[in-house]
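Could you build all of it, start to finish, from the sequences and the hints given here?
From first to last, the protein sequence lines stand for chains A and B. Residue numbering for the first sequence follows this note's numbering, beginning at 174 and increasing consecutively. Residue numbering for the second sequence follows this note's numbering, beginning at 103 and increasing consecutively.
Treat the hints with care, as some may be off.
Quick look at which bits of chain B chain A covers, simulated, 3 or more residues with Cβ under 8 Å [said to hold, decoys possible]:
| hint | stretch |
| --- | --- |
| 1 | 110 to 121 |
| 2 | 228 to 241 |
A partial selection of chain A residues facing chain B, derived with a Cβ cut-off under 8 Å [claimed, not checked]:
| hint | residue |
| --- | --- |
| 3 | Leu226 |
| 4 | Ser245 |
| 5 | Cys252 |
| 6 | Phe253 |
| 7 | Val259 |
| 8 | Gln268 |
| 9 | Ile335 |
Because the hints were derived from the structure by calculation, they are not lab data. Just so it is clear, the structure is predicted and the values come from calculations on it, not from any experiment. We put the beta carbon where it would ideally sit given N, CA and C, even for glycine.
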Amino acid sequence: MNSIISARGLSKRFGRTLAVDHIDLDVPEGRIVGLIGPNGAGKTTIMKAILGLTPFEGDLEVLGLNPSTHRSKLMENVCFIADVAVLPRWIRVWQLIELTGQLHARFSKETCLKYLARTKISQQHKVKQLSKGMVAQLHLALVMAIDVKLLVLDEPTLGLDIIYRKQFYSSLLNDYFDEQKTILITTHQVEEIEHILTDLIFINNGKVALDCGMDEVENNYLELMAAPANAAAARQLGPLNERELFGRHIFLYHGVKRELLEELGELRTPSVADLFVATMSGEQS
Amino acid sequence: MKQMLALLRREFWENKGAFRTTPIAIGGICIAVMLMAIFTTIHIDNELYTFKQAMRLLAQQPAETRAVHLRSVMMGISIVFTVVMSFVVFFYLLGALYDDRKDRSILFWKSMPGSDVQTVASKLLSAMVVVPLVFWSILIITQVLLAVTAAIMVFSVGENPWTLFLSVLNPLEAWFIVLLSYLAASIWFLPFFGWLLLVSAFAPRIPLLFAVIPPVVVALLQLWIDFLRTFTFNHSLFGIIGEWVANSPVIISIQSGDGQEELALGIPYTSTFDHAPTVLNILDRLFSLQMAGGLAVAAVFLAGAVWLRRRATDG
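Dropping the structure here:
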């Protein structure tokens with residue numbers, strides 16, 4: 174199995190605060206990994222380290238290269254959207270397509286134009302004339318037309334309407350993604366990406382709070398909706414988290430046998446968002 | 103190579119106004135001023151100074167004198183272009199590694215393959231080669247248009263423009279000297295370019311202040327210390343910079359020699375170099391000890407700019 178990203182003791186200090194605190198990570202080829210965490214958890218810093226945009230401590234290899242010393246070589250096989258609306262404002266759309274084609278050997282103009290055809294963007298437009306959402310659409314069209322091994326997306330759909338977001342994630346999965354590619358993605362709209370993810374990494378306070386495959390989530394995590402009468406019994410089984418909804422108690426379990434829980438109420442696989450909230454509140458307490 | 107061309111194109115597209123529209127505007131102004139001058143001369147009905155009279159007097163001058171004057175006129179027009187070009191290059195370099203950090207588009211550029219050395223090189227080459235070539239080309243077009251306009255005016259007052267001035271012109275020589283001086287100046291001013299790129303890569307805001315304040319502070323301290331030691335104001339950074347400009351291999355002033363005014367390279371108050379605008383004098387500056395020192399300083403500044411660029415993100 175080829176490791177696309179491999180980090181050992183990855184740390185980053187801003188003054189006295191440790192924004193990233195000795196993180197170990199392994200991301201294999203052919204995965205779509207969601208990097209999820211609350212604001213200020215260190216997600217963006219980790220991504221910047223992976224992209225060679227910030228110095229770091231510890232060992233980090235991306236596609237077998239050290240990102241801080243081989244950024245230029247790395248960018249031949251890595252593409253990223255670090256933030257929405259960072260396209261140069263003075264440029265015209267056709268100039269941007271032209272330049273990307275000349276700068277990036279793996280860029281396909283046809284693919285880019287195909288994605289652009291779904292939008293209202295004209296090639297004569299300057300970026301500064303486009304709305305925030307259109308700039309995001311343009312950036313996504315460019316990036317999806319570049320055939321790289323690792324794609325890093327930091328909040329790629331911020332400012333986009335729900336129709337386009339759905340469309341984007343479905344073409345990301347159906348047209349762009351394949352076994353040779355790896356996608357690392359952060360977003361606060363977890364529910365929109367959970368069905369395309371293969372792996373989950375939760376980050377909190379600069380540390381990895383959870384690192385597992387989505388199949389593991391399905392196998393090992395259970396959410397129990399218990400009637401009030403069963404709440405005490407449910408608590409005994411050591412839930413990760415408890416919350417109340419319309420008078421019913423909802424518990425989240427890790428590694429507790431299905432048979433034990435079935436008697437206490439309804440069971441289902443927790444959503445990533447619920448798992449996230451449970452993990453984070455567990456961490457905080 | 104392909105990438106470098108793409109990066110140079112990017113610089114040209116981004117700075118079209120400064121790189122292309124500005125020299126075109128100057129050319130337009132030159133032509134307009136000449137037309138205004140001619141019409142003014144015709145309008146003021148003075149026996150001696152009517153345009154017709156003036157042309158007749160000029161025609162009586164020996165061809166050699168006319169040739170010398172015309173050469174000066176041609177190179178003199180270049181001074182206007184040179185001065186404006188220096189402003190364009192100054193502000194371009196000051197923003198070159200700053201603007202994309204400010205609007206955060208650096209994150210997009212850094213997502214493309216290509217090293218930071220290439221990025222800095224593309225900015226430097228734009229300032230050293232692209233801008234001078236564009237200004238020079240438009241200077242030539244302007245001069246051709248000026249000659250055509252002048253020829254029509256001369257013809258309309260009954261003189262023969264060919265014998266009067268077109269046949270004694272040696273435009274190729276004048277154009278060559280100007281082009282050579284522009285490219286030589288690009289090398290001569292490398293320490294300045296390097297400094298501006300360094301500031302541009304470093305400045306957290308208002309690069310102009312960061313470019314100007316440190317040299318001024320250093321120079322004032324030097325002057326102060328010098329004054330305390332010797333009660334004179336002898337040497338300071340101001341002096342070095344002033345001398346550097348005065349020794350530059352580009353036509354920016356007039357000197358008097360052999361009883362007549364002629365154009366000069368740099369400003370002829372220094373005597374380190376010969377200021378006559380010739381190919382040899384231009385090359386003399388490039389192969390001087392000063393130039394070697396300047397290149398060393400430029401190398402340090404440029405290395406600093408690349409170092410900072412490598413670490414630069416939007417933050």
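Confirm or reject the coverage of the stretch 228 to 241 of chain B by chain A under the rule of 3 or more residues with a beta carbon closer than 8 Å to the chain's beta carbons. violated (count 0)
Cut-off 8 Å, beta-carbon criterion: hint that Val259(A) touches chain B: Val259(A) check passes; min Cβ-Cβ to chain B is 4 Å, inside 8 Å.
Min Cβ distance, Phe253(A) to chain B: is it shorter than 8 Å? holds (5 Å)
Against chain B, is Leu226(A) within 8 Å by beta-carbon distance? This hint holds: Leu226(A) lies near chain B, its Cβ roughly 5 Å from the closest one there, short of 8 Å.
Next item in the hint list is Ile335(A). Is there a CB on chain B closer than 8 Å to its CB? Given a least distance of 25 Å, the restraint on Ile335(A) is violated.
A closest beta-carbon separation below 8 Å is what the hint needs, so does Ser245(A) meet it against chain B? holds (4 Å)
Holds or violated: is there a CB of chain B closer than 8 Å to the CB of Cys252(A)? holds (6 Å)
Interface hint status, Gln268(A) versus chain B (Cβ within 8 Å): Holds - the Cβ of Gln268(A) comes within 8 Å of chain B, reaching about 5 Å at its closest.
Under 8 Å between beta-carbons, do enough residues of the stretch 110 to 121 of chain B, three at least, approach chain A for the coverage claim to hold? With 4 residues close enough to chain A, the hint holds.
When held up to the earlier numbered hints, the structure conflicts with 2, 9 and fits the remainder.
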